[in-house]
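There are 2 protein chains.
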Amino acid sequence: MTPNSNYGRVYNFSAGPAVLPVPVLEQVRDELLCLPGVGSSVLEISHRSKAFDQILDQTLADLRTLLQIPEGYSIAFLQGGSRLQFSMIPMNLLRGTDKTAEYIVTGTWGKSALAEAKKEGATKVLWDGKEGNYSSLPNIDELGSSADAAYVHLTSNETIQGVQFAGDPALAAPVVCDCSSDFLSRPVDVSKYGLIYACAQKNAGPAGVTAVIIRDDLLARGSDDLPGYLLYRNHVDGKSCYNTPPTFAIYVMGLVIKWLINDIGGLDKMAAANQAKAGLLYSLIDQYPTVFQGHAEKGVRSMMNVTFRLPSDELQAEFLAAAKAANCTDLKGHRSVGGIRASIYNAMPTAGVETLASVMRDFAAKHA
Amino acid sequence: MTPNSNYGRVYNFSAGPAVLPVPVLEQVRDELLCLPGVGSSVLEISHRSKAFDQILDQTLADLRTLLQIPEGYSIAFLQGGSRLQFSMIPMNLLRGTDKTAEYIVTGTWGKSALAEAKKEGATKVLWDGKEGNYSSLPNIDELGSSADAAYVHLTSNETIQGVQFAGDPALAAPVVCDCSSDFLSRPVDVSKYGLIYACAQKNAGPAGVTAVIIRDDLLARGSDDLPGYLLYRNHVDGKSCYNTPPTFAIYVMGLVIKWLINDIGGLDKMAAANQAKAGLLYSLIDQYPTVFQGHAEKGVRSMMNVTFRLPSDELQAEFLAAAKAANCTDLKGHRSVGGIRASIYNAMPTAGVETLASVMRDFAAKHA
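Top line first, the protein sequences correspond to chains A and B.
Quick note, our numbering runs 122 ahead of the 1-based positions in the first sequence.
Quick note, our numbering runs 122 ahead of the 1-based positions in the second sequence.
Among the clues, some could well be false.
Each pair may be met inside one copy or between any two copies, as identical chains are not told apart.
Stated by the list, open to error - Listed next, the in silico SDA-like pairs over lysine to any residue satisfying Cα-Cα at most 20 Å (straight line):
(1) K380 <-> D339
(2) K241 <-> R343
(3) K241 <-> D346
(4) K241 <-> G350
For the record, the hints were derived by calculation from the structure and aren't laboratory data.
With the hints as constraints, model all of the structure from the sequences given.
Below, the structure written as structure tokens:
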């Protein structure tokens with residue numbers, strides 16, 4: 123075991139739920155029995171209490187500051203994960219229109235989002251990376267997206283395949299972006315999007331809350347006949363308290379956002395740190411390409427999920443054992459694709475990535 | 123301030139999210155940085171990890187034991203609160219059939235459930251307590267429920283009005299019961315129901331998870347055309363991991379269930395304690411009826427939410443101030459009905475109820 127002894131914690135490379143900042147966990151622990159000045163745990167306070175309202179307002183304000191969300195956009199904190207968003211998006215923005223929703227399918231999650239949209243209305247696939255096993259990405263400008271589309275859906279980072287768009291698209295139709303696995307990991311020009319959504323359990327908090335940032339004109343689209351919980355404007359009008367929100371998950375997300383602002387210094391700095399961490403692992407993949415067979419093409423590699431294969435199942439088992447001996451866990455690829463996946467979200471410390479890099483170096487020295 | 127000094131905690135009479143058992147909070151705090159033997163916080167572990175799978179299996183098994191859930195019923199832990207269940211129930215059990223869903227409307231939540239069902243298919247109101255301002259309950263046997271109904275929906279305890287059915291109904295059609303605010307507060311004969319649902323944030327855990335117990339034959343009813351997240355059998359087939367579940371909320375619910383089994387000694391004992399606590403407050407309402415004007419009729423009083431009014435707004439303000447001085451908080455009635463509501467769920471200690479009773483006695487001595 124390497125000397126990563128604080129609290130007996132390992133370097134957890136899980137794709138999500140995933141590692142959180144230690145100072146955030148410490149604050150949660152310290153306040154767990156009693157929020158200062160409140161007399162109850164955050165787990166016990168009413169979502170309509172003044173104490174929770176302050177937490178919610180602060181979280182909304184800090185998120186707006188951190189992501190530089192412009193005027194004309196609203197935020198809602200929802201339940202059901204990105205999976206429910208796959209349905210809510212076409213239910214609100216497509217159903218009942220005579221328009222077509224366009225999908226850019228760059229991996230497993232884009233494919234799942236499309237499958238749900240097909241139940242709600244007309245869809246068109248602008249691009250599907252299936253033939254290349256989802257290892258590449260298109261140039262969005264060249265896909266012939268229609269200005270009249272209901273919306274264009276894309277996945278900024280495919281968690282399972284490890285491919286990530288580098289910048290923000292510029293399209294005439296509203297762009298709807300699943301940012302689940304790179305939310306708050308880098309700056310985003312929100313004005314380029316109609317709707318951004320992200321489940322929290324990768325970079326932003328625990329499982330159980332999903333952030334939705336929506337351009338206000340799109341709020342008008344959903345019909346009042348939709349199930350109440352599934353209509354975006356109910357949540358925006360109710361300031362995420364249309365019904366009882368996941369109060370604890372919002373509180374933790376609020377602490378993570380504060381950590382990004384105060385401890386990290388904002389999203390530019392976070393992005394630079396993430397690039398440095400990913401760069402270390404990709405440089406080893408490039409140095410030892412016969413041992414570490416990277417999945418994503420060079421220009422579209424994810425800064426969040428580094429995916430590669432070992433030459434054989436035996437070598438993969440040996441590698442995972444060596445990693446575990448060095449306190450690096452949860453490196454197995456998604457059950458649908460296999461291989462190795464190192465998820466290195468915001469809260470994964472540089473020391474963790476350096477430890478994994480050292481394991482890779484030793485392994486390559488032995489097997490290259 | 124009365125000497126309720128552990129951790130500076132007050133007696134929190136919130137209707138939900140609500141008070142949790144202190145030993146549960148202490149365990150959550152102690153394990154917050156690192157689950158024993160796991161090396162990560164429960165907030166950070168994958169829902170597909172062995173560690174979470176064990177938590178989930180144990181929680182399912184313990185819930186089955188505690189509620190004596192018979193064979194032929196499945197459990198799912200969902201997001202979206204009871205509010206989303208108001209829609210999922212008719213989407214799965216009514217939509218696409220030529221049947222009618224029957225609703226027994228005994229308060230605010232029954233009314234909200236009905237409103238969502240109307241969007242999905244044919245409904246019939248078997249009874250509505252509006253005329254009596256939702257202070258009474260019907261005899262369910264005498265409402266003429268049809269054996270051919272898609273289902274009969276009722277609310278076992280109306281949190282806002284404070285009325286509660288005493289026993290389990292016996293009907294030919296599947297009974298669907300919103301047990302949100304009395305779940306795990308007393309024994310229930312699950313075999314009398316087709317579907318039982320409860321958001322956790324009253325008796326069973328933090329906000330963010332909703333337990334659904336469903337008779338297996340009803341799982342066949344929903345169409346595959348439904349949005350994936352909204353089809354019950356997806357969650358049952360995926361053992362609540364159809365997508366990432368609210369892992370932390372499930373973990374806390376598991377600890378609460380263990381507390382009910384090991385510390386309390388099961389639901390019979392919990393029910394007896396709850397009756398004693400409620401009895402103390404209702405006896406004062408009966409003793410001083412001009413000061414404490416109880417809302418619910420005597421035979422249908424809730425063991426969970428004790429609702430009453432003071433003779434004037436001034437006296438209400440004085441009462442709330444006296445309660446606060448005695449460390450009793452969150453006693454204001456729901457914003458839609460006003461008055462006083464003392465929510466005394468499982469985890470509200472007897473000492474808290476006794477403190478409130480003492481405030482009531484002093485107040486009555488002054489004003490009766």
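Evaluation of the provided hints:
no.	hint	verdict
1	K380 <-> D339	neither (29 Å within a copy, 48 Å between copies)
2	K241 <-> R343	both (18 Å within a copy, 18 Å between copies)
3	K241 <-> D346	both (19 Å within a copy, 10 Å between copies)
4	K241 <-> G350	both (19 Å within a copy, 10 Å between copies)
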